[in-house]
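Counting in our numbering, the sequence shown runs from 39 upward without gaps.
In case anyone wonders, no lab produced these hints; they're calculated from the structure. Be careful, since some hints might not be right.
Restraint ranges, calculated between C-beta atoms of paired labels, are given here [as the list claims (entries may be wrong)]:
hint, residue 1, residue 2, range
1, Gly-72, Thr-122, 30 to 40 angstroms
2, Ser-100, Glu-53, 16 to 26 angstroms
3, Ser-127, Ile-85, 14 to 24 angstroms
4, Lys-125, Gly-63, 18 to 28 angstroms
5, Lys-125, Glu-71, 17 to 27 angstroms
6, Ile-91, Val-126, 28 to 38 angstroms
7, Asn-107, Ser-79, 13 to 23 angstroms
8, Asp-50, Ser-100, 28 to 38 angstroms
9, Leu-84, Thr-60, 17 to 27 angstroms
Below, computed lysine-lysine pairings styled on DSSO-like, alpha-carbon distance capped at 27 angstroms [to be verified]:
hint, residue 1, residue 2
10, Lys-89, Lys-74
11, Lys-106, Lys-89
12, Lys-80, Lys-106
13, Lys-74, Lys-106
14, Lys-74, Lys-125
No residue lacks a Cβ here, since even glycine has one placed at the ideal position from N, Cα and C.
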Amino acid sequence: MLTPIMNLHNIDVAEFLAVLDTCEGNVYLVTGEGDKLNLRSKLCQLIGLTKLIEGGRIAEASIYCENKNDESKLFRFNFFGDMTDAKVS
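Please model the complete structure; the sequences and the hints are all you need to start from.
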């Protein structure tokens, strides 16, 4: 069973997507309603981010990773703004 590594709040979407692009394994967004989206898919990224912003406010969601390196990468991004190897377009 996967353990949530972070809850999303007040993130820079472009930077978050750039860090996601550097992940090696599957990264899942799970909403408060139980929707589970694989953020390695660009379509799921679009759906997931749209789902997060409901009525102009950020909804509840958590991030889960299958790869331990990805967990570390996203944890460092969330707490320290570390974007090593990420390129923002």
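Structure-based check of each hint:
About 32 angstroms separates the C-beta atoms of Gly-72 and Thr-122, a value consistent with the hinted range of 30 to 40 angstroms. For the pair Ser-100 and Glu-53, the supplied restraint of 16 to 26 angstroms holds, since their beta-carbon distance comes to about 19 angstroms. Checked against the hint of 14 to 24 angstroms, the pair Ser-127 and Ile-85 passes, with Cβ atoms roughly 20 angstroms apart. For Lys-125 and Gly-63, the hinted distance range of 18 to 28 angstroms is satisfied, since their beta carbons lie about 20 angstroms from each other.
Taken as a hint, the range 17 to 27 angstroms is violated for the pair Lys-125 and Glu-71, whose Cβ atoms sit roughly 32 angstroms apart. About 19 angstroms separates the C-beta atoms of Ile-91 and Val-126, a value inconsistent with the hinted range of 28 to 38 angstroms. Judged by the Cβ atoms, the range 13 to 23 angstroms given for Asn-107 and Ser-79 holds: they are separated by roughly 19 angstroms. About 18 angstroms separates the C-beta atoms of Asp-50 and Ser-100, a value inconsistent with the hinted range of 28 to 38 angstroms.
At roughly 19 angstroms, the beta-carbon separation of Leu-84 and Thr-60 lies within the given 17 to 27 angstroms, and the hint holds. Note on Lys-89 and Lys-74: the hinted pairing holds, with a Cα-Cα distance of about 11 angstroms set against a maximum of 27 angstroms. A C-alpha spacing of about 26 angstroms is found between Lys-106 and Lys-89, which places the hinted pair at or below 27 angstroms, so the restraint holds. Of the pairs offered as hints, the one joining Lys-80 and Lys-106 holds, with about 22 angstroms between alpha carbons and a cut-off of 27 angstroms not exceeded.
At most 27 angstroms may separate the alpha-carbon atoms for a hinted pair to count; Lys-74 and Lys-106 meet this at roughly 19 angstroms. Restraint check: the Cα-Cα separation between Lys-74 and Lys-125 comes to about 26 angstroms, which is no more than 27 angstroms; the hinted pair holds.
Hints 5, 6, 8 from the earlier list are contradicted by this structure; the remaining hints agree with it.
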